[in-house]
Amino acid sequence: MEDSILKIDDLKKRYGKDTVLNGITLSVSEGEVLVILGPSGCGKSTLLRCLNGLETIEGGSVRFKDEIVNDENGVSSDITELRQKIGMVFQNYELFPHLTVFQNVMLAPTTVCGRDKKEVEKEALTLLEKVGLSEKKDFYPSKLSGGQKQRVAIVRALIMHPEVLLFDEVTAALDPEMVREVLEVMLSLAEQGKTMVIVTHEMAFARAVADKVILLDGGVIVEEADPETFFTHPKSERAKAFLEGFSYERVKGKKSIKKGA
Amino acid sequence: MQDPGISVLFKGSNFIRLLEGLSIALRISFLSVVISLLLGFFIGVLISGKNRFLKIVYGIYLNTVRIMPQMVLLFIVFFGSTRVLGINIDAEVSSIIVFAFWGSAEMADLVRGAIKSIPVHQFESAASLGMKKRTIYLKIILPQTLRRLVPSSINLVTRMIKTTSLVMMIGVVEVLKVGQQIIEANRTTSPNIAFWMYGTVFLLYFIACFPISRLSKSLEEKWKLA
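Order-wise, the sequence lines are chains A and B.
The working numbering applies: residue 1 is where the first sequence begins, and numbers increase by one.
The working numbering applies: residue 1 is where the second sequence begins, and numbers increase by one.
No more than 27 Å apart at the CA atoms, straight line, and that leaves these computed lysine-lysine pairs for BS3-like:
#1 132(B) <-> 122(A)
#2 137(A) <-> 194(A)
#3 122(A) <-> 139(B)
#4 130(A) <-> 143(A)
#5 133(B) <-> 118(A)
#6 133(B) <-> 85(A)
#7 137(A) <-> 224(B)
#8 132(B) <-> 7(A)
#9 85(A) <-> 139(B)
#10 222(B) <-> 143(A)
If you only want the chain B side, here are some residues facing chain A, beta carbon under 7 Å, derived:
#11 121
#12 124
#13 125
#14 128
#15 130
#16 131
#17 132
#18 135
#19 140
#20 143
#21 144
These are computed hints drawn from the structure, not numbers from a lab.
Just so you know, even glycine gets a beta-carbon here, dropped at the ideal spot from N, CA and C.
Go ahead and model the full structure; you've got the sequences and the hints to work with.
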C-alpha cells in the first residue's frame, strides 16, 4: 500500500533474554482499522507501545509516514512531536486525577500546541457532547464510572487531532454493561474514517470494526486477514484454536460431556 | 492557705516572658521548617532520579540523622564547632542548622516516596499526548506529589515544632526554659506552680500546632476530589 501511515518493519523486542516480539512486519494505511488479537502475554500491548515510542526496540523499525519513530538506535528525538500525531488510549484510562474532565481534555492542546484557548474550549465541548459527557465537564475523574472515564480519555486523545489512534485493551477494565458505550464511540470513529490500531479481546467488536485483523502469538504474526476470512475461515491451526477458545458448547443435559479429547 | 499557682502566671512580667520564649521557639521552628521543606523537596526530587551516587550519599545522610538523637546533633554543632573548628556558632543558629539538617533529610524521604507512589502510567499517558518531560513534571507529577505530601509533611512540621524544646539544652531561653525559670523562682511560695506552668507550656504548644493540623485537614478535604 502506498499511503501507509504506520510502517513496521521486522520489529524485534526483548526484555532481557525473553524475546517478546520476533520480527513483526506490518503496515497501516490511511483510514484503515487494524485489530490485533492474541492470547494474554503474546506481546500485543508491547507492540502497541513500541508504535509511539513508549518502549525501545532491539531491531527493525517503526515509521510514521516517512519518519522513523523507533528503531534499534532508540526512540526518535522528535518523539514529542510524533506522539501528537499518534494518539493512545490506555486500559486504565489514566486520566489526570487532580484535574477536572474539562481540564484533562484542555491540558495537552493548550500547553503542547499553544492553540487558542477559546477555540480549544469550543472543540472540547463539542467532543464531550458527542460522547455524551458535556454535563460532566466540571467533575473530577474519581466521580465518573469506568466507561465515562474511558470516553473522556478518548476525547483527550482526539482533541490533539492525531492521525493514528492506538487503543490498548480499552474495555478490559470495564464492567460488561459499560463496554458497549465505549465501543460505540470507537465504532463511530471508524465510520468517520479515522485510522486506528486496536488491541482488544472483544471478538464481536473486532469483527464489526476491523478492516484487517492480525493474530499475534509467541511474538510473531500467525495470521493476517480481513475480518470475514479471519473469523469464518482462518487458515492457520493456531487461529482456529484461538477462536474456538471463545465459543462454548452446551454441556447441560448432555449425557457425556467429553467425547474423546 | 497555699497560693494556687495560677496567679504566678500573671505575676510581674511572667506571662510576657513565656510568650517571648514561645516566639523564640516558633522562630527557630519556622526558619528550620521553611528551610527543610524547600531543601528537602529539592533533595527529594534529586534522589528520585537515576543517579546512584546521589542515592548512596543521601542514604548515609538519612540514616545518620535517624540514628543520631537530635540532642546529640545539637551538642555536636554547638559545642563541637567551637572545639574543633574554633568558630563560635550562636545557639539559635546552631538549633536552626540542626533542625534544618534533620528536617531536610526526612522531607526528602517523604518527597521521594510521594513521587514514587505516582503510577508510571500517569507519565506515559501524558507523554502519549505529546507533552514534554518538563511539562509533564510541572503539570502532572508535581501537583499530584504535593497533594500526596500534605498529611506526612504536616506531621513532620508539628514534630519539628515540638522537638524545638530541646534547644534549651544548649542555652536557648525558649518557652520551656522560661517556664522552668519561673518554677524555680516560685517553688517555695507556690508548690503547685510546676503543674500550672507545664500545663501552660502544653497549651501554648497546642495553640501553635493545632491550626497547622487543621490546615492539613482542610487541604486534604479540599483535594480529596482529586
